[in-house]
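Based on the sequences and whatever the hints tell you, model everything.
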Amino acid sequence: MSRRRRTLRRVAVLASALVVSLGGVLVDSGTASADPLDGPTFWKKCTSNMRWPGNTGWVAADLLPNGFVFWTARDYLDNNGVWVADVFVGRTRVDHKEQSYNPHARISPVDLRSGYILHFVIQHTDTKGNKSFSDPAAGCLIP
Amino acid sequence: MTPQPVVSSPDLAAELAIRLNEVAPDGFTVIAEHTYVAVRHNGEFIGRSGAAEFLESIEGIQNPTEAIERAARVILDTVQDYFSDASTEPWPGTRDQPNPGIRLRNDRLEMWFGDQDNPVLKLRPLDLATS
Chain A
0 MSRRRRTLRR VAVLASALVV SLGGVLVDSG TASADPLDGP TFWKKCTSNM RWPGNTGWVA
60 ADLLPNGFVF WTARDYLDNN GVWVADVFVG RTRVDHKEQS YNPHARISPV DLRSGYILHF
120 VIQHTDTKGN KSFSDPAAGC LIP
Chain B
0 MTPQPVVSSP DLAAELAIRL NEVAPDGFTV IAEHTYVAVR HNGEFIGRSG AAEFLESIEG
60 IQNPTEAIER AARVILDTVQ DYFSDASTEP WPGTRDQPNP GIRLRNDRLE MWFGDQDNPV
120 LKLRPLDLAT S
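One line per chain: the protein sequences are A and B, in this order.
Counting along the first sequence from 1, when you hit position 78 you're at 77 in numbering that gives the first Met the number 0, and nothing is skipped either side.
Counting along the second sequence from 1, when you hit position 104 you're at 103 in numbering that gives the first Met the number 0, and nothing is skipped either side.
Wrong hints could be hidden among the right ones.
Claimed, not checked - Sample of chain A residues facing chain B (criterion: CB under 7 angstroms; computed from the structure): (1) T46; (2) N48; (3) D77; (4) T91; (5) D94; (6) K96; (7) S99.
Derived from the structure by calculation, the hints contain no laboratory data.
We put the CB at the ideal spot given by N, CA and C, even for glycine.
Structure follows, in structure tokens:
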């Protein structure tokens, strides 16, 4: 392999490593975008009884007959500590809160725009300081 | 151009915290913490809503009326949940949780819980400046 080719190959490897690294940071920090064009996630239509489990807990949501979406999050072991919850419809944030117990809320039909992705980004620091993040795929397509 | 209401997120948080504190159940306090509306129960932190920050988002700058309405509705809803979760009693009233309602008209933000025509509880209205 020529020196120029080796250099190009090294640049390509470094570039792909950077992409992988950035991808990890986005997932870990819970700031993944809710735009359906941004990633490979297949968004299912919002329904009743949706649940996105993780290693330490889960996020669940329910599209109710009256058009509201009720959502909640739980830790399997420790629901105290600090919870930070953000809810997006497309790129618009429609809820943001921090609290001392596992969060729940309802989203008004006024904020649920048909054809957009409803996306939950939840972070939890338990009473021992362990951090966990919701599944980046915790979301659905608003019918 | 249509005049748009002008309010900053700390100002909205402060004004809503004052109004919610006026009607808070015994043992609860509602205070503003910069852009947040925070709830304490017997001095212990329950939670805080950062919905007032919607005003400084791109969408909020493009459509302040919609952002103010959304922020106020979410803050009322969240504080209502904090009251009822911590007390294990519905609030306001003694039966089902009434939905929060808001209306921004002529720079005046009206807020209530329950039916608009027959609310369970009304908050003191908030006058917003316009530009």
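Each hint tested on the structure:
For T46(A), the interface hint is violated, the least distance from its beta-carbon to any beta-carbon of chain B being 23 angstroms, above 7 angstroms. With a cut of 7 angstroms, the hint placing N48(A) at the interface with chain B is violated, because the nearest CB-to-CB distance is about 21 angstroms. The interface hint given for D77(A) is broken, as the beta carbon of that residue sits about 17 angstroms from the closest beta carbon of chain B, more than 7 angstroms. Interface hint status for T91(A): upheld, as the beta-carbon distance to the closest one in chain B is roughly 5 angstroms, under 7 angstroms.
Taking 7 angstroms as the C-beta contact cut-off toward chain B, the hint placing D94(A) at the interface holds, the least distance being around 6 angstroms. Of the supplied interface hints, the one on K96(A) holds, with its beta-carbon coming within about 5 angstroms of a beta-carbon of chain B, less than 7 angstroms. Because the closest C-beta pair between S99(A) and chain B is about 6 angstroms apart, less than 7 angstroms, the hint holds.
In this structure, the hints that do not hold are numbers 1, 2, 3, in rising order.
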